[in-house]
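Top line first, the protein sequences correspond to chains A and B.
Numbered as in my numbering, the first sequence ends at 419 without a single skipped number.
Numbered as in my numbering, the second sequence ends at 567 without a single skipped number.
Note that these hints are calculated values from the structure, not bench results.
One or more of the hints may lead you astray.
[What the hints assert, rightly or not] Under 7 Å between C-beta atoms, here's a sample of chain B residues computed to sit facing chain A:
hint : residue
1    : His-367
2    : Gln-475
3    : Ala-477
4    : Met-479
5    : Pro-484
6    : Gly-487
7    : Cys-528
8    : Gln-529
9    : Gly-531
10   : Leu-545
11   : Val-547
12   : Lys-554
13   : Asp-558
14   : Thr-562
15   : Thr-566
[What the hints assert, rightly or not] Okay, derived cross-link-like pairs now, PhoX-like style, lysine-lysine, Cα gap no bigger than 20 Å in a straight line:
hint : chain 1 : residue 1 : chain 2 : residue 2
16   : B       : Lys-179   : B       : Lys-218
17   : B       : Lys-21    : B       : Lys-49
18   : A       : Lys-332   : A       : Lys-320
19   : B       : Lys-377   : B       : Lys-175
20   : A       : Lys-156   : B       : Lys-278
21   : B       : Lys-104   : B       : Lys-278
22   : A       : Lys-24    : A       : Lys-320
23   : A       : Lys-231   : B       : Lys-199
24   : B       : Lys-482   : A       : Lys-43
25   : B       : Lys-567   : A       : Lys-157
26   : B       : Lys-440   : B       : Lys-148
27   : B       : Lys-478   : B       : Lys-315
28   : B       : Lys-413   : B       : Lys-314
29   : A       : Lys-370   : A       : Lys-320
30   : B       : Lys-278   : B       : Lys-327
31   : A       : Lys-74    : A       : Lys-24
32   : B       : Lys-293   : B       : Lys-199
33   : A       : Lys-276   : B       : Lys-314
34   : A       : Lys-125   : B       : Lys-278
35   : A       : Lys-235   : A       : Lys-188
36   : A       : Lys-235   : B       : Lys-368
37   : B       : Lys-379   : B       : Lys-218
38   : B       : Lys-207   : B       : Lys-327
39   : B       : Lys-384   : A       : Lys-276
40   : A       : Lys-43    : A       : Lys-90
Ideal placement from N, C-alpha and C gives every residue a C-beta, glycine not left out.
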Amino acid sequence: MQNYDVLVIGGGPAGLAAAIAAHKNGAKTLLVEREARLGGILKQCIHDGFGLVRFQEKLSGPEYAERFIEEFRKQKIEAKTLTFVTRLEKTENGFSAVLVNRSGVETVTAAALILATGCRERTAKQVNIHGTRPAGVFTAGTAQHFTNLLGELPTKKCVILGSGDIGLIMARRLTLEGAQVLGVYEAKSTPSGLTRNIHQCLHDYDIPLYLSHTVTRVFGADRLTAVEITKVDEKMQPIAGTEQILECDALILSVGLIPENELAETLGVQLDPRTKGPVCNAQLMTSSDGVFSCGNALHVNDLVDYVSESGEIAGENAAKYVKTIRKEIPIKAGERLLYAVPQKLNLNSNNQQTILYFRSRDILDGCVFKIIIDGQEVFSKKYPFLRPPEMEKLTVDFSKYQLSENSEIQLDIEVKSHA
Amino acid sequence: MNLNQVNKKLDSRFHGAVRAKLSSGCIVLSGELPTWQETVEACQLAATKYSTTHVVNNILCKEVKDIPMRMPKIQDSALDGRTPDVLIIGGGISGVSIARELSKWKLDILLVEKEADLALQASGRNDGEVHPGIDLSKGSKKHYYIRKGNAMFDDICRELDVPFRRVGQYVCFNKEFAKPLVYLYCLYRKKHDGISDTKLISGTDLKQIEPNFAEEFKFAISNPSSGCVCPYGLTIAYAENAVQNGAEIALNTAVLDMEVENGEIKSVTTNRGIIRPKIVVNAAGVFAEDIAKLAKDRFFSIHPRRGTNSILDKKAGAYMHSIASVKDLTISKTHSKGGGILHTVHNNLLIGPDAVETYEKENTETHKESIETVFSKQKRTMPKLSERDIITYFTGVRAPTFEEDFIIENGRKTKNLIHCAGIQSPGLTTAPAVALDIEKMAVQMLRRIQIVEKNPDFSPIRHGVPVLKDMDDKQRAKMIQKNPDYGVIVCRCEEISKGEILDALRSPICVPTVDGIKKRIRPGMGRCQGGFCSPLVTQIIAEFLGVPLSEVKKSSEDSAITFGRTK
């Protein structure tokens with residue numbers, strides 16, 4: 001049985017960064033990836049815009065991944081690809097993982113685990129689409145897989161539901177491939193994707209965006225033949241009588257991502273209902289000692305640069321991990337925040353460089369982000385605007401503040417003027 | 001009820017718009033009505049539950065649109081001139097189980113199914129409960145077959161390598177005062193109807209067995225013999241065993257016409273040629289009446305009734321481990337059971353189905369209202385249920401007669417015909433027992449014209465595709481050593497390997513479509529619903545067939561997944 005200091009599960013951008021960081025911090029590291037190649041979902045993201053924050057360059061997904069894969073190889077970190085983790089168990093000294101691949105079944109042990117398992121897409125049935133079950137209903141990621149990895153056109157004329165980033169990217173991609181995108185329909189009254197993608201993927205290609213509209217039904221016994229579009233009210237409920245039928249051959253869904261934490265759950269890791277990822281402290285350690293989380297498994301990111309960053313935090317801390325007693329206090333995200341990560345601060349750790357990620361719940365103009373400790377405002381930062389699709393990041397030195405086990409850290413957004 | 005009474009009732013309700021007439025031992029209804037609901041109501045008024053004097057519906061219903069049967073695209077002469085001893089029409093659980101039992105005999109058996117796979121209609125669109133028969137009373141065919149069928153499941157599932165679990169069923173009551181009455185009901189069912197596993201359990205016991213059930217339950221009827229099985233899995237397994245024993249199954253083959261002479265079917269026209277069978281078994285589900293009509297032996301009517309089930313994430317599967325429903329203390333006039341919660345053999349939860357009358361035999365669209373109705377009812381059994389755990393939903397169409405009983409009998413006018421019709425819930429449970437009887441009926445019928453001998457090579461044993469995720473590590477490693485493809489996981493949610501997919505493609509009835517593979521070994525059945533694995537499965541199928549990706553279908557001939565190469 002092979003023993004490691006750190007076992008990284010997932011070879012996408014988060015896992016690669018985590019493995020490199022763990023290795024650089026002296027840990028004997030193994031990375032396990034279920035697909036044949038490293039890079040995760042970036043492999044199929046052939047559009048550019050990756051790495052602006054990190055490298056001040058516009059890279060394509062595969063190029064961005066390649067930078068980390070090169071580094072990973074240069075450091076001679078061990079990786080097992082086409083390998084699937086079927087089981088994780090706690091042991092006396094850490095964890096054991098059962099791995100399945102073409103060579104058989106093997107068990108490895110590690111002192112610390114990094115879960116970089118990414119996320120999955122919400123499906124048609126999870127957004128209440130009814131009607132028949134024809135071919136031609138794809139999630140945007142699946143359509144992207146067919147188009148970019150397999151070189152196959154999944155549609156000639158489609159409707160895209162949801163204005164999430166992958167949906168916007170696919171609207172452009174399919175247009176470039178000669179498919180007709182009838183429109184992007186969004187149930188919310190504001191777009192879900194990044195503003196830059198609305199411009200670069202829709203406006204530049206004259207693809208209409210319809211807000212407060214959703215798809216309620218699909219038609220077609222074999223291949224999809226049409227969809228029913230319905231207007232929705234403020235509560236996103238369909239308004240009867242506003243239905244219209246659009247003929248098309250595919251419905252492409254970009255209706256949200258769900259962090260994949262099924263493995264984490266088998267270890268009893270506590271999840272945050274807001275992020276759907278594990279509750280973590282500033283070291284990105286979950287509620288289970290020695291289990292770290294990063295990337296889109298932790299919370300859904302909009303920029304890969306932050307995914308890599310969280311991987312590095314998890315990697316470094318996993319490498320340095322020694323079991324100690326934790327003294328954790330909650331970091332509470334106020335009403336105006338959609339969520340904040342980390343959710344906890346371990347007073348027994350070094351929190352000088354705590355990175356906070358947060359999103360606002362609504363579109364807010366002219367606002368101030370505040371950190372309040374025990375009723376005292378200790379930090380504030382002005383933002384001209386905050387938008388839920390755009391995650392914000394802050395580095396805070398929590399060691400400056402007088403914190404005790406009974407302290408309360410509260411994050412809030414004060415609004416000077418509403419949007 | 002005599003005819004005068006029937007007509008009196010019809011007159012008072014429909015004011016002369018509908019008349020009943022006795023004709024060849026059937027109650028034939030004619031007239032004109034505006035809606036399908038009224039048409040069904042009229043027929044139900046005229047029908048006597050479990051009677052063998054059937055209502056035949058000749059009412060002209062204005063609402064009903066003439067919807068042609070979904071037809072396979074293929075047109076060839078592959079079956080032209082075939083002269084099977086037995087032609088079975090319908091590849092649902094009834095047809096395939098009959099084919100399997102008949103394959104014990106040295107016979108030329110041909111089963112035709114119009115869809116691209118088996119179990120694509122009701123047999124693949126139900127909840128998979130193996131019923132105890134607690135709601136059935138003596139005198140019906142349903143009752144006659146239920147205990148026999150239920151008792152056969154352990155053996156049949158072992159022989160056919162199909163997972164089956166007796167998880168037990170609980171009908172829960174929230175009114176203590178009803179207990180004496182229900183006790184008497186159970187006693188009657190037990191003593192009079194032979195539903196021997198029936199017992200009453202207290203609310204406290206129920207709480208211990210299923211802690212997540214509603215607090216308000218005071219007691220429950222328990223039937224430990226109830227179980228769950230994968231309904232399409234069992235159908236495919238039966239069919240594969242039949243094929244292994246020499247039966248032929250022709251998919252994409254629809255019956256279009258029949259030539260009947262002197263009360264005998266001479267030939268059967270299909271889209272793949274004219275077949276001249278010695279005898280015909282009508283196991284055509286919602287189309288059983290249409291087949292009976294073609295065979296000039298229409299003495300019953302089918303009124304399709306659709307129902308929608310939801311499947312919940314395996315995480316919700318941990319909420320309960322049995323089958324349950326809540327019982328209202330009102331006399332319900334619904335026929336099939338009003339739905340429940342079932343822990344499936346694959347450890348999901350299945351919620352439903354509802355029951356809605358429809359004239360559309362093949363419309364399996366889902367509707368928001370069905371989900372809402374079912375959830376609001378089932379949350380009373382288990383308040384923890386949440387629509388948020390839904391991973392998918394589907395609709396099936398039941399095929400009841402107005403007498404709400406099975407028709408298992410020889411043709412009344414046509415001599416070389418056996419009907420296995422009106423099969424609805426609990427048709428999956430009864431199928432193994434019904435198949436044995438139809439086997440006898442068919443052999444007897446054939447013996448009038450030929451010698452029928454045992455098939456000396458018959459083997460009741462079928463091996464399914466191995467399920468690696470259920471194996472222990474050692475066994476799994478051994479399998480991977482033999483075939484490394486078993487170590488390549490393609491479907492992450494259900495943990496299905498490439499090796500298993502290739503096995504399914506090489507199985508006795510190869511259906512090389514994404515849905516065909518999904519039904520056999522479950523890639524795409526998990527929480528991501530094929531988001532990750534469908535491109536991979538498509539690719540494996542294309543490689544296996546040696547065709548471009550755009551040739552791989554989801555299910556039917558017209559269900560292409562992609563449209564060819566990108567620029």
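Taking the hints in turn, this is what the structure says about them:
Taking 7 Å as the C-beta contact cut-off toward chain A, the hint placing His-367(B) at the interface holds, the least distance being around 6 Å. Hint on Gln-475(B) is violated. Least Cβ distance to chain A is approximately 9 Å, over the 7 Å limit. Contact between Ala-477(B) and chain A, as hinted, is supported at the beta carbon level, the nearest pair being about 4 Å apart and thus within 7 Å. For Met-479(B), the shortest C-beta to C-beta distance to chain A is roughly 9 Å, which exceeds 7 Å, and the interface hint is violated.
With a cut of 7 Å, the hint placing Pro-484(B) at the interface with chain A holds, because the nearest CB-to-CB distance is about 4 Å. Residue-level restraint check for Gly-487(B) holds (minimum Cβ-Cβ distance to chain A is 4 Å; threshold 7 Å). Because the beta carbon of Cys-528(B) sits about 5 Å from the nearest beta carbon in chain A, less than 7 Å, this interface hint is met. For Gln-529(B), the shortest C-beta to C-beta distance to chain A is roughly 4 Å, which falls under 7 Å, so the interface hint holds.
Using the Cβ-Cβ criterion of 7 Å, the hint placing Gly-531(B) at the interface with chain A is satisfied: the shortest such distance is roughly 5 Å. Interface restraint check for Leu-545(B): the shortest CB-CB distance to chain A comes to about 15 Å, outside 7 Å, so the restraint is violated. Because the smallest distance between the Cβ of Val-547(B) and any Cβ of chain A comes to about 12 Å, over 7 Å, the interface hint for this residue is violated. At about 4 Å, the closest approach between the beta carbon of Lys-554(B) and any beta carbon in chain A falls short of 7 Å, and the interface hint on this residue holds.
A cut of 7 Å between beta carbons decides the hint on Asp-558(B): the least distance to chain A is about 4 Å, and the hint holds. Nearest Cβ of chain A to the Cβ of Thr-562(B): about 4 Å, under the 7 Å cut. The hint holds. Hint on Thr-566(B) holds. Least Cβ distance to chain A is approximately 5 Å, under the 7 Å limit. With a C-alpha separation of about 9 Å, the suggested pairing of Lys-179(B) with Lys-218(B) holds against the 20 Å cut-off.
The suggested pairing of Lys-21(B) with Lys-49(B) holds, with an alpha-carbon distance near 18 Å, which does not exceed 20 Å. For the given pair, Lys-332(A) sits about 27 Å from Lys-320(A) by alpha-carbon distance, which is inconsistent with the 20 Å threshold. A distance of roughly 17 Å separates the Cα atoms of Lys-377(B) and Lys-175(B); the hinted pair therefore holds under the 20 Å criterion. Under the criterion of a C-alpha separation no larger than 20 Å, the hint pairing Lys-156(A) with Lys-278(B) is inconsistent with the structure, at around 49 Å.
Annotation: proposed proximity of Lys-104(B) to Lys-278(B) holds, straight-line Cα distance about 18 Å (limit 20 Å). Between Lys-24(A) and Lys-320(A), the direct Cα distance comes to roughly 11 Å. Compliance with the 20 Å bound is thereby established for this hinted pair. The straight-line distance between the Cα atoms of Lys-231(A) and Lys-199(B) is roughly 52 Å, outside the 20 Å bound, and the hint therefore fails. A distance of roughly 32 Å separates the Cα atoms of Lys-482(B) and Lys-43(A); the hinted pair therefore is violated under the 20 Å criterion.
For the hint linking Lys-567(B) to Lys-157(A), the alpha-carbon distance of about 16 Å falls within 20 Å, and the restraint holds. Our distance criterion of 20 Å between C-alpha atoms is met by Lys-440(B) and Lys-148(B), whose separation comes to about 16 Å. Our distance criterion of 20 Å between C-alpha atoms is broken by Lys-478(B) and Lys-315(B), whose separation comes to about 30 Å. Of the pairs offered as hints, the one joining Lys-413(B) and Lys-314(B) is violated, with about 51 Å between alpha carbons and a cut-off of 20 Å exceeded.
Taking the CA atoms of Lys-370(A) and Lys-320(A), the gap is near 31 Å; set against the 20 Å cutoff, the hint is violated. Taking the CA atoms of Lys-278(B) and Lys-327(B), the gap is near 48 Å; set against the 20 Å cutoff, the hint is violated. The straight-line distance between the Cα atoms of Lys-74(A) and Lys-24(A) is roughly 12 Å, inside the 20 Å bound, and the hint therefore holds. For the proposed pair Lys-293(B) and Lys-199(B), the alpha carbon gap of about 44 Å is over 20 Å, so the pair is violated.
As the CA atoms of Lys-276(A) and Lys-314(B) are separated by approximately 17 Å, the hinted pair is consistent with the 20 Å bound. Taken as a hint, the Lys-125(A) and Lys-278(B) pair is broken in the structure, with Cα atoms around 47 Å apart against an allowance of 20 Å. A hinted pair counts as satisfied when its Cα atoms are at most 20 Å apart, and Lys-235(A) with Lys-188(A) qualifies at roughly 9 Å. Straight-line distance between C-alpha atoms of Lys-235(A) and Lys-368(B) comes to about 17 Å, which keeps the hinted pair within the 20 Å bound.
A distance of roughly 17 Å separates the Cα atoms of Lys-379(B) and Lys-218(B); the hinted pair therefore holds under the 20 Å criterion. Simply put, Lys-207(B) and Lys-327(B) have alpha-carbon atoms about 17 Å apart, close enough for the 20 Å limit, and the pair holds. In summary, the hint linking Lys-384(B) to Lys-276(A) is supported, as the alpha carbons are separated by about 19 Å, within the 20 Å threshold. A C-alpha spacing of about 32 Å is found between Lys-43(A) and Lys-90(A), which places the hinted pair above 20 Å, so the restraint is violated.
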